[in-house]
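Q: These protein sequences, in sequence, are chains A and B. Quick note on numbering: the first sequence equals residues 0 to 139 in numbering that gives the first Met the number 0. Quick note on numbering: the second sequence equals residues 0 to 115 in numbering that gives the first Met the number 0.
Watch out, some of these pointers could steer you wrong.
[To be verified] Footprint (simulated), chain B over chain A, 3 or more residues, beta carbon under 8 Å:
{"hint": "1", "stretch": "2-16"}
{"hint": "2", "stretch": "92-98"}
{"hint": "3", "stretch": "102-108"}
{"hint": "4", "stretch": "119-128"}
[Stated by the list, open to error] Simulated restraints, written as ranges between beta carbons of each label pair:
{"hint": "5", "chain 1": "A", "residue 1": "V10", "chain 2": "B", "residue 2": "K32", "range": "29 to 35 Å"}
{"hint": "6", "chain 1": "B", "residue 1": "G8", "chain 2": "A", "residue 2": "D20", "range": "39 to 45 Å"}
{"hint": "7", "chain 1": "B", "residue 1": "N16", "chain 2": "A", "residue 2": "G101", "range": "23 to 29 Å"}
{"hint": "8", "chain 1": "B", "residue 1": "E50", "chain 2": "A", "residue 2": "D57", "range": "40 to 46 Å"}
{"hint": "9", "chain 1": "A", "residue 1": "E31", "chain 2": "B", "residue 2": "S108", "range": "21 to 27 Å"}
Please keep in mind that the hints were generated in silico from the structure rather than gathered at the bench. Cβ atoms here follow ideal geometry from the backbone N, Cα and C, with glycine treated the same way.
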Amino acid sequence: MATHRFAYPSVVESEERFLNDLAQVAQRERLEEDVRRAMMLTLSEAFTNALVHGNRLDPAKTVWVEVRVDEATVSAEVADEGNCGLAELAARPQTGQLDDHGRGIGLMEHFAAEVVFGETLTGGLKVSVRFRRLVERTRG
Amino acid sequence: MTITVETFGNVAVLRLNGRLDLASGAELKQKAKDLFAQDRTTLHLNLAGVEFINSSGLGALVSTMKETRLRKGRLTLSNLASYVQEIFEITQLSHIFEIFPTEEEALVSNRAAVID
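This is chain A alone, in the form it adopts within the complex (with noise of 0.2 Å):
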């Protein structure tokens, strides 16, 4: 198994950088397309939220990544150092359809194989993704 860690400061900028990451490192892999863009747009939604949301865009907190390939699965976890949490993942208003924000975690939801919502030991939110490769699927 494979396992690459990255951190970024809590500015926007990260966001561009991140992603440049995540691509070389589908690359790298060899993903396959579709689980390599199930991965990117996933894991952006997780990573903007705890940039905007989680660390507020303070640069001094950091957003913490880490993904993990093996033959059969992806899986990945972004951590924020915020104080959010569950709390406010729970108290989310739903979306309406002309909102401008709310659509994340629905695309999350219907990329990923897997996704789960814990907190990090200081009280940040942690996002744990899983995504199944064509290896694991033709098996099936």
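Following the hints, put chain B in place on chain A, whose structure we already have.
A: Chain B only, in chain A's frame:
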């Protein structure tokens, strides 16, 4: 993300290239704001070059559409890659936006709206 702007009659066509996300979504909203300041309220977004879009990018599109409607203008989209189209379907935004297969068809529709 690069955004180029070209005008055809009363329509401002914005061609987007790259990732439409948090940072570039803000850039798109600013471009639209600049056009509104020039009294341009009929916008067309050609998304042929959009290789990636997430909910922040979708939010920027929704925000731009709302601002356009507030000014009694019109926002159309075209050339969505199949992957982008799929995201519009999942989020049901395909029902909210006026989406055309090509930029030309959107421009024809805008010309027809002016004649009406």
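Q: Hint by hint, note whether the structure agrees.
A: Outcome of the hint check:
1. For the stretch 2-16 of chain A, the proposed coverage by chain B is satisfied: 4 residues have a C-beta within less than 8 Å of a C-beta in that chain, meeting the threshold of three.
2. Counting residues of the stretch 92-98 of chain A whose C-beta lies closer than 8 Å to any C-beta of chain B gives 3; at least three are required, and the coverage claim holds.
3. Counting residues of the stretch 102-108 of chain A whose CB lies closer than 8 Å to any CB of chain B gives 4, which reaches the minimum of 3, so the coverage claim holds.
4. Coverage of a stretch by a chain is defined here by at least three residues with a beta carbon nearer than 8 Å to that chain's beta carbons; for the stretch 119-128 of chain A and chain B the count is 0, and the condition is violated.
5. The given range of 29 to 35 Å is broken by A/V10 and B/K32, whose C-beta atoms sit roughly 23 Å from each other.
6. For the hinted restraint 39 to 45 Å between B/G8 and A/D20, the CB-CB distance of approximately 43 Å keeps it satisfied.
7. Remark: the range hint 23 to 29 Å for B/N16 to A/G101 is upheld by a beta-carbon distance near 27 Å.
8. About 30 Å separates the C-beta atoms of B/E50 and A/D57, a value inconsistent with the hinted range of 40 to 46 Å.
9. Separation of A/E31 from B/S108 is about 38 Å and departs from the stated range, judged on CB atoms against 21 to 27 Å.
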